[in-house]
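Following my numbering, the numbering of the sequence shown begins with 324 at its first residue and continues without gaps.
For the record, the hints were derived by calculation from the structure and aren't laboratory data. Some hints here could point you the wrong way.
Keeping only pairs whose Cα atoms sit at most 25 Å apart, straight-line, the calculated SDA-like set for lysine to any residue is [as the list claims (entries may be wrong)]:
hint, residue 1, residue 2
1, K671, K564
2, K564, T549
3, K664, K424
4, K424, K481
5, K664, A598
6, K481, G515
7, K601, D513
Label pairs and their calculated CB-CB ranges [what the hints assert, rightly or not]:
hint, residue 1, residue 2, range
8, E456, A340, 25 to 35 Å
9, R421, S566, 56 to 66 Å
10, G453, D343, 32 to 42 Å
11, D720, R434, 51 to 61 Å
12, S566, S757, 41 to 51 Å
13, M690, T726, 33 to 43 Å
14, P501, K706, 13 to 23 Å
15, H604, R421, 52 to 62 Å
16, P337, G522, 36 to 46 Å
17, E456, D763, 44 to 54 Å
Quick reminder that beta carbons are idealized off the backbone N, C-alpha and C, glycines included.
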Amino acid sequence: MDKPTTLKAIEPTPPLADLDRLCDMREGRMAGKIFWDAQIYEQELEKIFARCWLFVAHESQLPEPGDYVATTMGEDEVLVVRQKDRSIKVLINACPHRGNKVCFAEAGNARGFICNYHGWSFGTDGALRGMHESGIYEQSHFDKSRQGLREARVDNYKGLVFATFAADAPSLAEYLGPMAWYLDVLLDNDEGGTEFVGGCIRSTYECNWKIAAENFVGDILHAGWTHDSAARAMLGGAVAKVSDFPESWSVNWNGHGYEFTRDLVGNAAVLGESAINKYLHLQAPKAAERLGEFRSRMLGAVSSFTVFPNFSFLPGQNTVRVWQPRGPNRIELYTWVIVNKNAPQEVKDKWRRGAMMTFSPTGVFEMDDGENWEYCTRTSRGKVTRYQDLYVGLGMDTRITDTELPGNVFKGQLNEANARAFYQRWKDLLQSASWAEVPDRNGTLS
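All chains should be modelled from the sequences, with the hints used to inform the complete structure.
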């Protein structure tokens, strides 16, 4: 078997001098410049997106050998490919001759990939198999084994496929840490596991990627105001006040964040589908056997989750999304619908349709969010406005220590503890030359 073609390490760029002035989470403040500045964005591509574990696919998208999906890790285009031995590889979608793409489709099944420019052909394992006019390469002492498609590191968590370009990154299990316990609410509440249904919905927004990711890391506060009219249209009345929930938490760890309650169907209810609510009520006792009674009440509850840096989901609505950066003030949003494999087909179909009505380019909630995010980004182009302090101080003294819940736990969902942890991780990575220098924080802020 050909040896994998590994990536050369990137020499780290020195950190920007004014990051502490732009982002101070101990004081609960940051400046809008972090949403607009091109230099900051270039360092994000290098020190976050070329370094962190990033979600690239769900196993259900790749059922057969040769199946692939095209995606990006930051702005690096990659192919996620099922191998003959059932493993999965993530290959850079760029020919190592002149850098042309070797695949232009979003998904499919292939026996290999061929560059249109000079005819270099590659196996699905990334190995270079042949070239147009191969004889001239042989005369140049060409080593074909060293010219395959470059590979990223790959790992899997219960059907979710992640990849990283960093050889020194911690394992995926270490990267997720205690937050995996919460991921299991979505991924492991049924013995059959999960799958994506329908295709990938792609849309673009003129906003910074962090604003969208932070919204899902713990900003339920906006929902009662921003989404009030849409929720009334869907439900025929106002949504429940989050501040009235008797049980409500925000949990974070190294930039990942989950805000949640235990009302079982709070998120799912806005889809207006009684079949989904009924399914969740029937599923809860089965989930309790696998996860315990506490987590069984979180299945479709009012909640949201971001795995740092840019992978988010909404339980109940069952939308999974990746905020793909396309510049300091633009994102491409990839959205999928995730369901239990064993769920009835009728329920799967209703979840898919519900996602289209709520969180899609024409969804009643997504249009609300997109407008807000775009204006939050756009105002930061102002030379004075970009240095204005933005408040991130809600819930400064709400940490709970007498709890068995994993991670750093805070009281209430109307809380910016998760946002502070998100931006602290962002700053830590930008200020660190390698993974060895990145602080492993346990609820502390710099």
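Hints, verified against the model:
no.: 1; hint: K671 <-> K564; in the structure: 29 Å, violated
no.: 2; hint: K564 <-> T549; in the structure: 13 Å, holds
no.: 3; hint: K664 <-> K424; in the structure: 34 Å, violated
no.: 4; hint: K424 <-> K481; in the structure: 30 Å, violated
no.: 5; hint: K664 <-> A598; in the structure: 16 Å, holds
no.: 6; hint: K481 <-> G515; in the structure: 11 Å, holds
no.: 7; hint: K601 <-> D513; in the structure: 16 Å, holds
no.: 8; hint: E456 <-> A340: 25 to 35 Å; in the structure: 51 Å, violated
no.: 9; hint: R421 <-> S566: 56 to 66 Å; in the structure: 58 Å, holds
no.: 10; hint: G453 <-> D343: 32 to 42 Å; in the structure: 53 Å, violated
no.: 11; hint: D720 <-> R434: 51 to 61 Å; in the structure: 60 Å, holds
no.: 12; hint: S566 <-> S757: 41 to 51 Å; in the structure: 43 Å, holds
no.: 13; hint: M690 <-> T726: 33 to 43 Å; in the structure: 38 Å, holds
no.: 14; hint: P501 <-> K706: 13 to 23 Å; in the structure: 42 Å, violated
no.: 15; hint: H604 <-> R421: 52 to 62 Å; in the structure: 58 Å, holds
no.: 16; hint: P337 <-> G522: 36 to 46 Å; in the structure: 42 Å, holds
no.: 17; hint: E456 <-> D763: 44 to 54 Å; in the structure: 52 Å, holds
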